[in-house]
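Please work from the sequences and hints to get the whole structure.
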Amino acid sequence: MPTPPDLEWALRLEEVSRSFRIGERVVKAVDQVTASATSGAITGLIGPDGAGKTTLMRLIAGLLRPDSGHITLFDIDVGKNPMAAQARLGYMPQRFGLYDELSVQENLDLYADLQGVPIALRAERYAELLHMTGLGPFTARMAGHLSGGMKQKLGLACTLVHPPELLLLDEPTVGVDPVSRRELWHIIEDLTHSTQMTVLFSTSYLDEAERCDSVWLIHEGQLLGSGPPASFTAEMTGRSFLASSALSRRRLQGRLAQTPGMIDALIQGDGVRVTTTVAVPPNASIVAPDIPDLSFLPVPPRFEDSFVARLRTRVSEPQSASPALSPTEKPIPSSKTADIISVEHLTRRFGEFVAVNDVSFRIAKGEIFGLLGANGAGKSTTFRMLCGLLPASSGSLQVAGFDLRTAAAQARERIGYMAQKFSLYGDLSVYQNLRFFSSAYRLSGKTQKTRIDWAVEEFGLASMLKDTARDLPLGYKQRLALACALMHEPDILFLDEPTSGVDPLARRDFWHRINQLAESGVTILVTTHFMEEAEYCDRLIIMAQGNVLSTGEPEAIKAAARTPENPDPRMEDAFISIVEATSTRIPAQ
Amino acid sequence: MNSLSLQRIRGLLRKEFLQIWRDPSALAIAFVLPAALLLLFGYGVSLDARKVDLALVVQTPSPLASSFTSQFADSPYFISHPYSSIQAAEHDMTARTVKGIVWLPSDFSRRARSRGQAPIAVIVNGVDANNARLIEGYVQQVWGTWLTAQIRHSPPLLSVQTLIRFNPSVNSRNYLVPGLIAVIMTLTGALLTALVIAREWERGTMEALIVTRVYIHEILLAKLVPYFVLGMGGMAASVALAVGLFEVPLRGSFWVLATASALFMLTALGMGLLISSFARNQFVAGQIAIIVTFLPAFILSGFVFDIHSMPDMVQFVTHIVAARYLVAILQSVFLAGDVWSVILPNGAALLVMAVIFLGLARAMARKRLD
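Going line by line, the protein sequences match chains A and B.
Under our numbering, think of the first position of the first sequence as 1, with each following residue one higher.
Under our numbering, think of the first position of the second sequence as 1, with each following residue one higher.
Calculated directly from the structure, the hints in this document are not laboratory data.
The C-beta atom is built at its ideal place from N, Cα and C for all residues, glycine as well.
A few of these clues could be false.
[Claimed, not checked] One-sided excerpt, in silico: chain B residues whose CB lies under 10 angstroms from chain A:
| no. | residue |
| --- | --- |
| 1 | 9 |
| 2 | 23 |
| 3 | 204 |
| 4 | 218 |
| 5 | 370 |
[Unchecked claim] Chain B residues, not near chain A, derived (Cβ > 12 angstroms throughout):
| no. | residue |
| --- | --- |
| 6 | 12 |
| 7 | 16 |
| 8 | 37 |
| 9 | 59 |
| 10 | 62 |
| 11 | 66 |
| 12 | 86 |
| 13 | 111 |
| 14 | 147 |
| 15 | 215 |
| 16 | 251 |
| 17 | 281 |
| 18 | 283 |
| 19 | 317 |
| 20 | 352 |
| 21 | 356 |
[As the list claims (entries may be wrong)] Here are the simulated DSSO-like cross-link-like pairs (lysine-lysine), alpha carbons at most 27 angstroms apart as the crow flies:
| no. | chain 1 | residue 1 | chain 2 | residue 2 |
| --- | --- | --- | --- | --- |
| 22 | A | 28 | B | 367 |
| 23 | A | 28 | A | 449 |
| 24 | A | 80 | B | 367 |
| 25 | A | 446 | A | 466 |
| 26 | A | 446 | A | 421 |
| 27 | A | 28 | A | 421 |
If you want it as C-alpha cells, here you go:
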C-alpha cells in the first residue's frame, strides 16, 4: 500500500459550490463549503436528507465537477484530474454498487479486476476481507440474496479490495439493522487504526457523530460547523437538563417547548429533556410556577443539542416557529378506555416465507403505539394488513370496532394514513394536493373548504399554496402529507417511517403535532427503524424477522437491557440486546 | 484509445456474460422479441389479395355469362358468391361481407352476340385502397384471359408477356420478411445496450463502476462486445426463421449477409449506447429507443413503403435511417443474390453510420454524473 504523503490533511475543500437546476429553480446543493479531513481519521459528514451530503461525496469522488472552488485530495486537484484522484480513493455509493446476479466472490473478482489488484495478491486480500466482514461462508451466494447488512459489508469489501487511501462511504448505515450498523462501525474503526486509512462517512443519524474523530455538520448545502464532536458538545455544557413533574410527560413537553429560554424540549424516558439558551439551570418556580413538582436535573450534552442550537440561531428558518396548536385542556383519555385496535395471532405468509408470525397487540384510544424494527422485520406487512390493503393469512384484526376481514372499507374511513416517503402528487400544487385528498375522502362543498382552510392555517402552508409539492423542502412535504392524512378527521392515524431523514427541527415540529393529536384522543400507530423515535411512544413492540421480540413501555424495555457495564442503556442498546438474546441470527435466504 | 487494460476488460466482459446468463431479460430481447415479431408479421401481414370474397351478379344466365364467371371459380384469389340482383350485392359490400362486385347486366349476352359493346361492371370497395387496386387488377387479368379464349380463332396482333424476376410467385412475404429483419434488428440492437446501461444507472452500479480505475472506453467496449454477440445471434435466428419457416429464398452469399448485418448491428448498438448516455432509467431508455430507432426504421426504411414514392423532403430524411441501407442489402441478398451495385454503396453507407454512431456514443460518454 502506498504511504500517504506527509500531510496533516488528506482532503481539503475550498469554497466548493455546486448547484442544480430543477425546473425553473436553481438549488444550491453545496454552498461555499470549506473544510478539511485529517489524514488517518474518520470524518463524519453529518446532515439531514437533502442537506447536500451525496452531492459533496460525488464532488469528492470526481463524479461531479464543482461550479466553483477547489477540492484537493493529497496533492491532486480532483476537479482537474479526477482519474488520478479515483486511483487513490474508494467510494461506496448509497446502494453499495453490487451486481445482484453475481455471487459474493464474483463481485469481489470484478472489483479486483477493475482496481488492478495483481492475481498473486488476491487470495490473501480476499481472506482478510472475508474474515473482516464475516462473509466467508457465503462466497457462492448471489449478492441479490444477501440481507441488507451483508450487502453493506460486501459493498465495503469491494471498495476495499484495493486498499484506498481515502474511503468515501455514502450513508452506509441507512436502512440497515442496528446490529449490522454496530458491526460496520467496528470494521471501520479497526481499519483506520490498523492501516491509517482516511475515512469520510456520511450519515443522517446524528448519534453517529459521536463515533467520528471529526465532524462536518451540513444543512441546506452549508457547513454549519466542523471539528471534533467534543467541540460541538462542549459549547452546550451546562445547558441540558432532564425535567420531570407530576404532569404527563407529553403535556410537560408541550409546555416547556413554548417556554422562553428553552431551545429544545424532547421526551426522554419518564421526563423531558430540555436545552436552554444559556448555561444557567432553569428555575422551576420562574419557568412554570403552575406546574407541580417541576424539577430540572443536569444531564450531559449530546451532539444533537448543538445541531438544534445552531439551527435555532439561523433566522432563515420559518419552520422553527412553534406550531400553532395550543395544548388542549381536555382530560387525558384514560388508558382503561376500550381498545381501538386489537390484533390477535396475526400471521402473513408469502409462499414459504413467513413475513409476520403470530403477532398480537392491543392499542387503546389516544395511545401512541410504535412498531420498531429494522428493514424487513415485518413492520410494513403488518401495517398493510391493518390498513386493509393486504389480507391476513390467519388471525384476527379489529380496527375501530370493524373486523378487517369483513368490513375493510368501513374501517378505512376511520383511518388516516401517511405513507413512507409521503405519497403526495409531486406535480400538483400544495392546494391541489389538499383538494385532491379531501375529495378522495369524500369531502365536498363547505366541509371541504373548512377542512382545507384548517389545514392551511394549522400547518402554516398559506405562503406556499401554489408551490408544487415536489419542490417543497422535506419538512414541508412531511407537514403536507400529515395534513392530507388528517383531512377527514380520522380517529386513527397510521404513520409509516414518518421522520426518517428529516432535520431535527422538522422532526420535533412533527412530533409536537403528533403529541397534540394524541392528547385530543387520536390513536397513533407509527412504524420506525429510528431508535430515538421509539422514545416518543407510549408503548411499542420490537419486531425482527416477522416475530415480536418484546412489548411494553419504552422505559421498561430499556430497563430490561440494563447491565452493570451499561447502567443507562439507550433504545438502540436495548434493541440489540433483545435481538441477540432472542434469536440466533439467521442470514436472509 | 490511450489505454486498455486486459484485466479490466476481461473482468467487465465476464461480469456482462454472467449477467446475461443469469438474468434472461437480455436473452429475451435478443431472441424472443425478434422471433415474436417475425411470426406476427410473417403470418399476419401480407400485401397479397388471397381468397377475396367476390360477388358475381348475373342477371340473365346464359352459357356465355357462365363461361365468364367460371373463370373466377377456378381462381385461387377469389371466393365467388353468385347473386341475381345488384342491390343484394351492393348491400353485402356495404356490410363488408364481399369486397368487390362483378356485374354482368341483363343485356350482356345479347350485346356480346350482336358484336356490340358488352359491358361488365366492376365495383370495388375503395375504403381499403390497396385491396381495391388488387381486385381491379385481378379482374382485368381474368377478363383478358377469357377474352383471348373467346377469340382464339383470330389470334391477337400483339401479346404482352409478363416476366416477374426475383420473386416469381409475387409473394409479398418474400419481400417483407428480409426488410422486417432489418427493422427488428434496429430495435433489438438499440434496446439491448440502452436498457442494459440504464439498468446499471438505476441500480447504482454504474456510479460505483466509474469511480474505479476503469476508462470510459473500456466500459463501452465491454458493453459492445457481449451485446454484439447476442445481437448477431438474434440476427442468425431471424435469418433461420425466414428461410426455414417462411421459405424465403436466400440467393446471395452468407458472407455478404454476415458483413452487412455486423455493420448494421454495430450501428444499432451505437444508437443504444448514445441513448444510454442521457437516458438513465430503463423506462425512458426503452421509450426513446422505440421512438427514435424502431419507428423511423419501420416507416422510412423502405421495408413496406417504397422510398421512391415518398416526397423529396421525406426521401432526404430517409438517408439518416440506417435501416434503409440494410433493407436494400437484405432484399437483394435474399431475393436477387449478390448484386454488387446495391451491396457496395449501401454497405459503405452502413460503415459510415456505424462509425458516426459509435463515435458519437464515445464522445458523449462521460466518467461523470453531470
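Each hint, compared with the structure:
The criterion of a C-beta within 10 angstroms of any C-beta in chain A is met by residue 9 of chain B, whose closest approach is roughly 9 angstroms, and the hint holds. Interface restraint check for residue 23 of chain B: the shortest CB-CB distance to chain A comes to about 5 angstroms, inside 10 angstroms, so the restraint holds. A least Cβ separation of about 4 angstroms between residue 204 of chain B and chain A falls short of the 10 angstroms threshold, and the interface hint therefore holds. The restraint placing residue 218 of chain B at the interface with chain A holds, with a minimum CB-CB distance near 9 angstroms, inside the 10 angstroms limit.
With a cut of 10 angstroms, the hint placing residue 370 of chain B at the interface with chain A holds, because the nearest CB-to-CB distance is about 5 angstroms. In this structure residue 12 of chain B is not separated from chain A by more than 12 angstroms, as the shortest Cβ-Cβ distance comes to only about 7 angstroms. Separation of residue 16 of chain B from chain A is inadequate, the least Cβ-Cβ distance of about 10 angstroms not exceeding the 12 angstroms criterion. Every Cβ of chain A is farther than 12 angstroms from the Cβ of residue 37 of chain B; the closest lies at roughly 27 angstroms, confirming the non-interface assignment.
Residue-level check passed: residue 59 of chain B sits 68 angstroms from the nearest beta carbon of chain A, beyond 12 angstroms. Every Cβ of chain A is farther than 12 angstroms from the Cβ of residue 62 of chain B; the closest lies at roughly 75 angstroms, confirming the non-interface assignment. Under the 12 angstroms C-beta cut-off, the non-interface status given to residue 66 of chain B relative to chain A holds; the minimum distance is some 71 angstroms. Taking the minimum C-beta to C-beta distance to chain A, about 60 angstroms, the non-interface status of residue 86 of chain B holds against the 12 angstroms cut.
For residue 111 of chain B, the shortest C-beta to C-beta distance to chain A comes to about 74 angstroms, beyond the 12 angstroms cut-off, and the non-interface label holds. Distance check for residue 147 of chain B against chain A: the nearest CB is about 70 angstroms away, which clears 12 angstroms, and the non-interface claim stands. Annotated as non-interface, residue 215 of chain B brings its C-beta within 12 angstroms of a C-beta of chain A; the closest such distance is 8 angstroms. Under the 12 angstroms C-beta cut-off, the non-interface status given to residue 251 of chain B relative to chain A holds; the minimum distance is some 43 angstroms.
Against the 12 angstroms criterion, residue 281 of chain B stays outside the reach of chain A, whose nearest CB is about 14 angstroms from its own CB. Even its closest Cβ contact with chain A, about 16 angstroms, leaves residue 283 of chain B beyond 12 angstroms, as expected for a residue assigned away from the interface. At the 12 angstroms boundary, the C-beta of residue 317 of chain B stays outside the reach of chain A, the nearest C-beta of that chain being 33 angstroms off. Every beta carbon of chain A lies more than 12 angstroms from that of residue 352 of chain B, the smallest distance being close to 32 angstroms; the non-interface claim holds.
The claim that residue 356 of chain B is not at the interface with chain A holds, since no C-beta of that chain comes within 12 angstroms of its own (minimum 27 angstroms). Taking the CA atoms of residue 28 of chain A and residue 367 of chain B, the gap is about 23 angstroms. The hint holds against a cut of 27 angstroms. Between the alpha carbons of residue 28 of chain A and residue 449 of chain A the distance comes to roughly 36 angstroms, so the proposed pair goes past 27 angstroms and is violated. This hinted pair checks out: residue 80 of chain A and residue 367 of chain B have alpha carbons roughly 13 angstroms apart, not beyond 27 angstroms.
Distance restraint check for residue 446 of chain A and residue 466 of chain A: the Cα-Cα separation of roughly 21 angstroms lies within the 27 angstroms cut-off, and the hinted pair is therefore satisfied. For a cut-off of 27 angstroms, the pair hint linking residue 446 of chain A to residue 421 of chain A is broken: about 31 angstroms separates their Cα positions. Proposed proximity of residue 28 of chain A and residue 421 of chain A is supported: the alpha carbons are some 22 angstroms apart, at most 27 angstroms.
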